[in-house]
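Which chain is which? The protein sequence lines are A and B, in order. Residue 17 in my numbering sits at position 17 of the first sequence, with consecutive numbering throughout. Just remember that my numbering sits 348 ahead of the position in the second sequence, which is counted from 1.
A portion of the hints provided could be inaccurate.
To be verified - Chain A stretches covered by chain B per the calculated footprint, using a threshold of three residues with CB under 8 Å from any CB of chain B:
#: 1; stretch: 57-63
#: 2; stretch: 144-158
#: 3; stretch: 165-173
#: 4; stretch: 271-284
FYI, nobody ran anything at the bench for these hints, they're computed from the structure. Ideal Cβ positions, reconstructed from N, Cα and C, are used throughout, including at glycine.
Number of protein chains: 2
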Amino acid sequence: MSELRKDPITGRWVIIASERSKRPKEFDTLRADPLPGVCPFCYGNESLTPPEVLSFRHPRKDPDEPDWWVRVIPNKYPALTEGGEPLRSAEGMYDMINGVGVHEVIVETPDHQIPMAALPVEHIREIIWAYRERINDLSANPKIGYILIFKNHGPSAGASLDHPHTQLIATPIVPVLVEEELKGAKKYFKYKERCAFCDMIAHERRKPLRLLEATESFIAIEPFASRFPFETWIMPRHHSCHFNTILDREVEDLAGILKRTLGRMWNVLDDPPFNFMLHVAPPHDECNPYYHWHIEIIPKLTTVAGFEWGSGFYINPTSPEEACRFLRDAEWEVPYTKPNRVFQGQNK
Amino acid sequence: MSELRKDPITGRWVIIASERSKRPKEFDTLRADPLPGVCPFCYGNESLTPPEVLSFRHPRKDPDEPDWWVRVIPNKYPALTEGGEPLRSAEGMYDMINGVGVHEVIVETPDHQIPMAALPVEHIREIIWAYRERINDLSANPKIGYILIFKNHGPSAGASLDHPHTQLIATPIVPVLVEEELKGAKKYFKYKERCAFCDMIAHERRKPLRLLEATESFIAIEPFASRFPFETWIMPRHHSCHFNTILDREVEDLAGILKRTLGRMWNVLDDPPFNFMLHVAPPHDECNPYYHWHIEIIPKLTTVAGFEWGSGFYINPTSPEEACRFLRDAEWEVPYTKPNRVFQGQNK
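Isolated chain A, as found in the complex:
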């Protein structure tokens, strides 16, 4: 089992992942497919993954068979594992917790080739439904302190498998970065009696230097203090701290703005590697007036180097205003030719 360890100075936690243990010579292999040429996320290979925890498929079909269009499975090499209690212990001055948690993979489509930006809006909607469903389910678990949904696209953004997928990691404690965001948002609220994110939305709409798109329920902006070139945030226009209370019609709207944003990035930056992260309040927190859930998308174009590691400052060579002009002017349709198969598995 993995182990969570706390840095005694900063209070930052790390996961020492014994299930993923690596010896020095193993770091060369950037990507390690379980079986060369066999993708565990493709139709027909369902037995290569642990049994599914959720799938959207035709109602009369069995689990762990083909004919699904979105499938959620436990990660075969989990950073944290279910079972047991999160026990705290010590080694002298140091603190640790055993690695209890959840690590799942949301396989976005049976199609190995098609990126999220090229999927139909109706399909992305189903992926977002799967996010909501998994968060709803895990939120009831008292052992879980936080649930993070994130996507790595491209090897240099940390994707070890090509097949389009999102990941979910649920941790026994609230991560330090989330704590800091909550604390900062609370401080702003105490001073202004307004949500900082709601203020950002109002500011960016009034003076649209960094406004990429606004729909009925969502807004996409390049944040004022972008850490990375072309960093983009998607935020609900109405205040909400929990993602899983999202309504069906909002899901559809979110699927559209997410598709168009990823499509614009694809076209401007030529299919860049990227990460996106769903920033939400911890599941056991009450709804609050200061935190506002949102999605942060960061293309991987620059290298985080010594200055960033030593200071926490980021050097961004492209201003968000300039990035916004490029993205706003771009096409969002991804010129992607779908292979001769359909996404709901009728080819079986």
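On the provided structure of chain A, position chain B as indicated by the hints.
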């Protein structure tokens, strides 16, 4: 001029570096030598860099000519620039400061090929002298809030030029990461009435699971909560919060332990890309009993991905105890054949 911008939620600052401005298509080129095949840090090319601010060279030789062995120059494409006052201003709810600061390059050797791990201890000593000298000089400047010395080795660790060099960036404010370390160290001190770093040193010496080496004045350890595989810290054994008060005999000792640590990493991990950062207290802080300067070395073996960006947690697949066993068992001599030239420039 660059601009420092503050994230209204987390208080994190970013540098929007207009001097390094990049358009979308320019991100493909991982490395951009100013003139292909011409290295501005090699002998004879001194005129390709701004005039030097410091060099160690034979006493009768002129500046900006060959015949130096360590040379410090302003960065030609600085993230922050000297001149002017750090003025604070606002755009609506957002805060910014104009990009006043210092960005220098410490060219470690005239030899384009020889990595720090293969330099003689006496030469590394001179590089550390240059670090000390530049910090001493800049510490007197009231416009400077913090001075960070860092090294990027290898393109994937952010080095844009091969020639061995270290960088120095001085910022008008104390970076958030340094503030957090100071705050955490102070909190520990308030509770324990002891320095957390001094406690770590005592712990690691008593039970040497993660102890790489201890010399008269320094200790090298794999920290308990290592974020990255083979992350290594070098700390002075006696409490000290400022690096620039280091004594000459300690510099010699530090040069030795730094060389051996980098050499061990080179041999175990086959010349890995890495960053190192000198963590020191802000120059205008009084000496304090809770902060302890140190060097953090992080090999770049894993990819920081969505989970890390979304949580601030790190997933480390190699425990520090295991990393320590590999490094401790390794040779530290780097099998490097020096080209047919000597480092003090006598070949001119």
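How the hints compare with the structure:
Counting residues of the stretch 57-63 of chain A whose CB lies closer than 8 Å to any CB of chain B gives 0, so the stated coverage by that chain is violated, three being the minimum. Look at the stretch 144-158 of chain A against chain B: 9 of its residues bring a Cβ nearer than 8 Å to a Cβ of that chain, three or more, so the hint holds. Counting residues of the stretch 165-173 of chain A whose beta-carbon sits less than 8 Å from any beta-carbon of chain B gives 3, enough to reach three: the coverage restraint holds. Under a criterion of three residues with beta carbons nearer than 8 Å to beta carbons of chain B, the stated coverage of the stretch 271-284 of chain A is upheld, 6 such residues being counted.
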